[in-house]
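Colleague: In order, the protein sequences belong to chains A and B. Numbering-wise (the working numbering), the first sequence opens with residue 1 and increments by one. Numbering-wise (the working numbering), the second sequence opens with residue 1 and increments by one.
Think of the hints as simulated: they come from the structure by calculation, not from any bench. No residue lacks a Cβ here, since even glycine has one placed at the ideal position from N, Cα and C. Among the hints, a few may not be true.
[Claimed, not checked] Which bits of chain A does chain B cover? Going by a derived footprint, with three or more residues having C-beta under 8 Å, they are: (1) 276 to 287; (2) 326 to 339; (3) 370 to 383; (4) 390 to 403.
[Said to hold, decoys possible] Simulated restraints on C-beta separations: (5) SER317(A) - ALA278(B): 25 to 35 Å; (6) ASP88(B) - PRO27(A): 40 to 50 Å; (7) GLU90(B) - ARG405(A): 51 to 61 Å.
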Amino acid sequence: MWLTLLASAHAASFAIVHATVLPVSGPPIPDGMVLVVDGRIAAVGPVVTVPPDAEILDAKGMFLMPGIIDIHSHMGVYPWPDANAHGDGNEMVEAFTPRVWAGDAFDAEDPAIPRARAGGVTTIQVLPGSANLIGGQSAVLKLRPAVTIEPMLFAGAPRGIKMAVGENPKRVYGDVKDGDQILTRMGLAAALRAEFQSALDYRAARARPNPPPKDLDKEVLLDVIDDKIRVHLHCYRTHDIDMFFRVADEFGFKVASLQHALEAYKIPDEIVAHGAGIATFADWWGFKMEAWDAIPQNAALVSAAGARVAIHSDSASHIQRLNLEAAKMLRYGMTEADALESITLDPARMLGIDARVGSIDVGKDADLALFDAHPFDVYGKVQRTWIDGTLVYDRRTEGTPDGVR
Amino acid sequence: MVSVSRRALLVGAAALALAPRARASTLTLSNARILLGDGTEVRGGISVENGRVTAVGPAVTGGEDLRGGVLYPGVYLSGAPLGLWEVDLEASTHDDTEAGGTNVPQARVIDAYNPRSAVIDVCRTGGILGALVTPSGGLLAGQAAWMRTFGDTVTDALIAAPAGLCFGLGAAGKGGPGGPTSRMGVAMAIRDLLDANPAPPAPAPEKGKKGKEPPKDEKPPTGAQAALHALRRRETKAIFAAERASDLLVAIELAAAYDLDAVILGGAEAHLVAKELAAAKVPVLLGPVTTQPNSFDTREATYETAARLHAAGVPFAFRVGGPHNARDLTTEAGIAVAYGLPWAAAIAALTGNGPGFWKLKVGQLHPGFEASFVLTDGDPLQPRTRVLRHWGQGVELPVADRQTELYERFRGPKPVLR
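So that you can see chain B by itself, here it is in the shape it has in the complex (with noise of 0.2 Å):
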């Protein structure tokens, strides 16, 4: 009964705070070394009303002293299945894949996010304040969404969405019942879907101007129609999971000839065809930064992609594969740092980078964004450096999860049985 109340006890406070805009949240913390994510840092201070950052800087003073730690917008993952399965291989906790994703364009993540999910929360207390979260499997998989790593809800946890329609190029599209067998039969599908489902006519003006009327006879579009339209209206970004160079020609090639506003998942090859990506603007949300040149599709793949991407002017986020590691981005993008990207590059790509494709108010902590943010002992990219705490929204939130409760009840010396 004991550990039952008390369990109540810490999910209910738990709960409480991570409802952060259910509450007034006007903060001031200084001295501390602050990375604004864009690249840019400051000394000094932040301060916080109704949740967004309204002054950062060395004018900033009082409050909280923070006593000169790091303070940073938390890693926002480009790209990642986060709260769509809590165990890898139970398939009964997956939800990241339906029908084998073949052609799905209705089907939406936030429908299948869990806000609760036992991953979300140890993400979080690694560091992790927000995820573009990517349905995943054969040729369009569904619908994307930003979201926090915060809020009981998918209401308060949602950032935006839908936030683009994932396709799968290459191996990626291949596969799944009834999907396409090879690389021809990809881009052929999915030029086939865009031809398809044209981008219709702007809505109809105001009374009094003139303006083309629908049809008498038409009927209101399907869930799946919608989602293409926006994509054909550039309402929506196409997100191509691709890695292999040729692969990323095919997505350059797709988001010309349809007028899509196109992004790269994956892109373990995009430096052997950086100039072209550079030059069509698509930016890539790539990673993870380890992808190995273990297999064909990922022959040139190297530790210099993202020292490359930058150097030729590639706009670019991190992401990771899995949910569960996510915690490691930091360290990944400091691997990038050793093989020559410029360390306020790599803070970019792993805070505000991502979100700002998406013209969102996260992931930078200058005024007017979201008032999220985690403090660290250190330089967030060194393996050794811990998240002491962190905020949404301007509440500080718990560290604790999972793997905390499991390591405060083991560490004594005799641990604790209830």
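This is chain A alone, in the form it adopts within the complex (with noise of 0.2 Å):
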């Protein structure tokens, strides 16, 4: 299906011209100009070179951006039609399940994915669930057309891991009649020290003689520990973030976001410090005690002390919008620099992907999102999303894809 797409929708080269380009890494050019050759971008400016072969796009009134980027989906892990049946984001059988892969579970053809293509989506990264402290392994797909996930991997992309505390797994492990093990935030603290240690203790063992039998959880243990992949902690209070810190110095490894932080904007410097980042929710709160702090300016506040701020969807619906969800950071006081890039560049470095895509500069992926007014404009929509160059969403042909069938 891939392969056919190509066929009828890539041209080897094209030039979007009259456009007003928003590169995020510069300011933007307004009638400006992307070459696109092979898949990537070619040339960016108010005038380049269009080679004579290439296809020329006039998109004069429309607003041309980087494919947006969401660093927290659960497409594909809960795909659409809502059903028991289709829950496969929470391996909830034990507490650590760093051995599963959201992309073992991955429904390639989950119809909220060419909606998220419409939404002007190029990248996302699929999360297992929070209800492990421990729960599993990241997938970093382009939204490539697909019926499996093979065509859909980022070639490259480093490898990521779901982690959280607080009161999701508290919640999920908390039944002592149940035989559960962890009841407080002082037990997910031992319990996270304690794996980190078996860890460290079966590599040990590994190196003497009669070595125990490779263990897929403790290898990937070791991986965190040795910062071979990156963590996304799942988080919302100042007090589950300064512990997570504590446990992740004391084995000497990195958090590269944290997911949700309603609360960050309490503790920006500590964030900064650590070299976190952190991907938010626009305005969300009061759904759980631990949403019941959060303010709408916290990507702002926590943007402002320095770190890197994504906007995040959680949902395949806002995934949709992430666009009107980052516009929404204006009113709270964010400067439509950082916004726009903390739905591009910034989810980019928090993934370690963004010498690929997260802004329109030469040699990057050709990930693109042309909207017919600026992407904070609630009046605009999106009307083509290219990825590597290759048209994937169009609205003049696609209109907004179904749902549920």
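Make the complex out of the two chains shown on their own, each in a separate frame, by following the hints.
Modeller: See the structure below:
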């Protein structure tokens, strides 16, 4: 299916001209041009040289931005239609399941995916849920039309792993009558320490004669300790973040992103010092006690303190309009440039794929979203989306893609 | 100690400002773009006496200069569980569902509404000035009420109650303790209930005129019976929560068979039965606009629903699902505009339409309406637009809530620790 689309929609080189180009890495270029050759950005600027064989797309009045990146999605692991049978995001058999990979459960035919493309989204990180302290490994994907996951894999993207602290693992593993062992936040911290210590013990034992057999969980934990896997931590409250930083420091690894992090605005300096970024909701709050102190200025305050800030969706609905979620941040004090970065370059940095995507720069993948108004204008819509220079969404022919059929 | 006294002061100031009915409120504001709440707009000013609009338009001058800002009636949420809970996942804070809501026509949301809810404050500073507060769960969840988002007591906050009996159709009506387990059972149980509670004869006329005397051994009606009698006399509305097109047709059929003054709450697939809704004159409390085609009950949900209802002549007003993010409703209305709804119709569906279905004097800024309004720095439907100030019954309300308090505390280079 992917190859067919390539043949029909892929031009070896094309130029989008007369658009307002929002490169994200630099200021907007009014009446700008972007040249795409073999799936990469070949040139960008007010005027660029276009080879004679390149197709020209006149985008006068339109706005071109890098494809949107959602660092927190559960598409494919909770595919539509919503059904008990489709819950594949939480392997709730034990609190630590580092061995599982979201990609093994991913349904590439989730009808939410074409609708995300119609919202200009080109790259997502599919995460396991937050029931477990360590829920499993993530899959970084490009939203190429496909039936299986392989054509969607973001080649070369660093591995990622989902961890979670706070209310969710407490709720899931807090049933003492059921034999569970974790009841409080103290218990969560102790369990994390014990788990990482067991990985170090395993490493030591593997180096001795008569080593224990290979343990898939422990191998992954050692990769975490060795900073070979990026840690994406589901968290809300300051004391949960603080606790996890302590544990990470004790075992010598780093957190790449704090997911949700609704109280990050209270401790921005600690977050900057650790080197973590945050991926947060624009303005959601009150859905549980952990979200009671959320304020819509969270992203703006943490960004101003110097940390990376992504606006994430965590929702197959909101992913279709992450541009509007970012637009809301202007109401709460974020600059337009930072708000654009929050759905492009900053999530790319947290995922370690910013050399390839996240801005319109020469040499980067031609992942692009063409809007008929400024992306922060509620009346605008994505007209076309490209991934690697291939047209993957065209509103003229596809309209708004169907949902459950 | 300092923190305690400062907090007490803040609360005291808010309490004074939040009791507008106790004050004579006379006010003139001018130089604004004023959206009147019925889809029309004027440039000029607005005059207020005793909490009501007395004049609006270019002829009103003087008073405070609003420097060209946009003044509009604020958002009226046409169906939301506002004031009925604080934290979604904390069951102890929930007062929206009684006993599964299986069949409690006598349950009244005004007995549960907390006008001092932190969630209400956040809604108000987000530009929401009123809501149709609806109970939920099961077959017949109780009595809704129109409430203001300001006023320290239920009496002060109350616009109108009861505003209707809330029925659940389709998935909404199933389940609950002893409740129906299928759509057949839902419709059956509603019919049984209405059959058992026919409209009573009109009250006996005054002395000297002939009229039907009530039987001498008749007991006064119970609360449940009284609520159902009011429904059957069309004194209160039947609010049918339903999403799937087939369920909407059941609502239309029930309304016709039992002569109910019906409205739809939800209506994800309302556009599929727009002709039928228009013919039956059943309005839709529509939303969320962004309801997804993600389930078998909302398979045909589309961003174009509002536009298609508008084109078919079905009256509708916007609603949200949960109370916390209700301030997003303006952006949701903007999305409906992006998908074909005329902008003026979107403003009306956010403001005057909902209260208008109940003939309430709120949600518009024509003379005679309540002088409650919101000032923004631009198009209310744009996500970047800020709510600058707001007034309730002619009295300016503080732009303060739990979130602004937290923001003020932590915004500085060093947080103020107290």
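Colleague: When you take the CB atoms of GLU90(B) and ARG405(A), is the distance between them in 51 to 61 Å?
Modeller: violated, 37 Å
Colleague: Okay, the stretch 326 to 339 of chain A and chain B, do three or more residues pass the C-beta test at under 8 Å?
Modeller: holds (count 4)
Colleague: Hint says 40 to 50 Å; check whether the CB-CB distance for ASP88(B) and PRO27(A) agrees.
Modeller: Holds - the Cβ-Cβ distance for ASP88(B) and PRO27(A), about 41 Å, lies within 40 to 50 Å.
Colleague: At a Cβ distance under 8 Å, does chain B reach at least three residues of the stretch 370 to 383 of chain A?
Modeller: holds (count 6)
Colleague: Within the assertion that chain B covers the stretch 276 to 287 of chain A, do at least three residues meet a Cβ-to-Cβ distance smaller than 8 Å?
Modeller: holds (count 5)
Colleague: Given a hint of 25 to 35 Å, does the C-beta separation of SER317(A) and ALA278(B) actually sit inside it?
Modeller: Holds, at about 28 Å.
Colleague: Are 3 or more residues of the stretch 390 to 403 of chain A near chain B, judged by a Cβ distance of less than 8 Å?
Modeller: Coverage by chain B holds here, the residue count being 3 at a Cβ distance below 8 Å.
Against the hints set out earlier in the document, a violation occurs for number 7 only.
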